[in-house]
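Participant: Sequence:
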Amino acid sequence: MTSIKAATYPIHFNEKAYTELANLIRFNNYSSIFILVDDNTLTHCYPRFMPLLETDKTIEVIQIDAGEVHKNIETCVGVWNVMTELGADRKSLLITLGGGVITDLGGFVASTFKRGIDFINIPTTLLSMVDASVGGKTGVDLGVLKNQIGLFANPKMVLLDPEYLHTLSAREIRSGTAEIIKYGMTHDIRLFNEIKDNAELNIVDLIHRSIEIKNEVVLEDPTEQNIRKVLNWGHTIGHGIESYFLDTPNKENLTHGEAIAIGMVCETYISSKILNFPSDKLKEVKKAIHAIYGKIEIKEEDFSSITGLMKHDKKNVGGEINFVLLKNYGDFQINCKVPNKLIIESLEYYNS
Numbered sequence: 001m002t003s004i005k006a007a008t009y010p011i012h013f014n015e016k017a018y019t020e021l022a023n024l025i026r027f028n029n030y031s032s033i034f035i036l037v038d039d040n041t042l043t044h045c046y047p048r049f050m051p052l053l054e055t056d057k058t059i060e061v062i063q064i065d066a067g068e069v070h071k072n073i074e075t076c077v078g079v080w081n082v083m084t085e086l087g088a089d090r091k092s093l094l095i096t097l098g099g100g101v102i103t104d105l106g107g108f109v110a111s112t113f114k115r116g117i118d119f120i121n122i123p124t125t126l127l128s129m130v131d132a133s134v135g136g137k138t139g140v141d142l143g144v145l146k147n148q149i150g151l152f153a154n155p156k157m158v159l160l161d162p163e164y165l166h167t168l169s170a171r172e173i174r175s176g177t178a179e180i181i182k183y184g185m186t187h188d189i190r191l192f193n194e195i196k197d198n199a200e201l202n203i204v205d206l207i208h209r210s211i212e213i214k215n216e217v218v219l220e221d222p223t224e225q226n227i228r229k230v231l232n233w234g235h236t237i238g239h240g241i242e243s244y245f246l247d248t249p250n251k252e253n254l255t256h257g258e259a260i261a262i263g264m265v266c267e268t269y270i271s272s273k274i275l276n277f278p279s280d281k282l283k284e285v286k287k288a289i290h291a292i293y294g295k296i297e298i299k300e301e302d303f304s305s306i307t308g309l310m311k312h313d314k315k316n317v318g319g320e321i322n323f324v325l326l327k328n329y330g331d332f333q334i335n336c337k338v339p340n341k342l343i344i345e346s347l348e349y350y351n352s
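Just so it is clear: in the sequence shown, position 352 is 352 by my numbering, and no numbers are missing.
Hints are not guaranteed to be accurate.
[What the hints assert, rightly or not] Each pair of labels, with its calculated beta carbon distance range: (1) Lys341 / Val77: 40 to 46 Å; (2) Glu297 / Phe152: 35 to 41 Å; (3) Gly78 / Ala153: 18 to 24 Å.
[As the list claims (entries may be wrong)] No farther apart than 20 Å at their CA atoms in a straight line, the calculated lysine to aspartate or glutamate pairs in the EDC-like style are these: (4) Lys315 / Asp221; (5) Lys314 / Asp221; (6) Lys295 / Asp331.
I should point out that these hints are in silico values taken from the structure, not numbers from a laboratory. Every residue gets a Cβ at the ideal spot worked out from N, C-alpha and C, and that includes glycine.
The whole structure should be built from the sequences, with the hints applied where relevant.
Facilitator: This is the structure we're talking about:
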């Protein structure tokens with residue numbers, strides 16, 4: 001599998017990835033190396049990673065609690081304090097070894113510490129491999145509001161090792177496939193069809209193609225002023241649902257992918273009403289999402305809270321909720337205004 005060249009950094013998949021990592025560390029002559037992990041990756045991924053890390057530099061491991069609930073500025077302060085106590089300087093390197101929370105938060109920590117130190121992303125979940133670790137977005141949540149604090153900052157390298165996928169539960173794998181379905185619906189229907197038809201998945205091929213798509217979009221629009229907004233397909237409603245379930249007592253927390261899957265059904269319904277997305281394909285999307293992720297109950301009394309959270313979406317301008325909508329598979333339109341009544345209808349459609 002060939003490497004991909006992003007704007008200012010390589011994305012390595014192949015068997016030489018760890019050699020490339022060693023070469024980069026040697027070339028930059030870092031003063032020290034910090035590895036950011038959470039409870040899960042310390043147990044399941046760190047033991048694989050360390051024997052493959054070829055360096056004579058000082059290495060310190062910083063562990064944070066796992067989960068979206070810890071993706072906040074308080075956790076960042078804790079990491080900054082530990083790095084300071086351990087003597088980190090502007091020639092230090094931070095390696096993020098984990099899922100999207102680790103790569104998002106770690107990138108933000110590195111890009112702001114002493115006005116910026118180098119970092120390398122090593123995503124260990126399917127979701128982070130196809131989305132969070134690539135594209136230069138870093139950041140944390142503000143309360144229950146997703147990714148409100150952050151900046152664009154590129155890693156020095158992304159290392160993708162599919163062996164880490166063996167540490168994941170079936171639910172976490174399904175969560176990651178939601179982002180692949182997103183790329184399928186917006187750019188390459190083959191990806192959606194492979195997952196929908198329950199074919200024997202070549203997961204490495206799906207990851208590689210997903211990253212190719214994202215990289216092409218990001219190269220054209222690095223800071224999400226225009227075309228990159230398409231990568232938020234399913235996320236406007238999905239983030240509202242994810243935040244609501246995260247913060248509401250007696251609600252089981254959804255994975256990011258589960259929430260985005262619901263969002264894609266809802267936003268496909270809205271697309272059918274505003275842009276005439278074909279009705280037969282709308283039914284196809286709903287059937288596939290329910291088959292893969294099950295049907296998650298969203299009660300009518302939840303609707304207003306979910307739409308309220310959507311008002312804080314980063315794409316919004318002037319208080320108006322901006323959507324990405326589809327005219328058809330692979331044919332999208334950004335900056336679409338959607339009335340609240342239609343958003344409610346879409347949630348009802350998901351439930352039906």
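Participant: With reference to the structure, classify each hint as holding or not holding.
Facilitator: How the hints compare with the structure:
1. Lys341 / Val77: 40 to 46 Å: 42 Å Cβ-Cβ, so the 40 to 46 Å window holds.
2. Glu297 / Phe152: 35 to 41 Å: 37 Å, holds
3. Gly78 / Ala153: 18 to 24 Å: 20 Å, holds
4. Lys315 / Asp221: Holds, because 14 Å separates the two Cα atoms, which is no more than 20 Å.
5. Lys314 / Asp221: 16 Å, holds
6. Lys295 / Asp331: Violated: Lys295 and Asp331 sit about 27 Å apart, past 20 Å.
Going down the numbered hints, you'll see the structure goes against just number 6.
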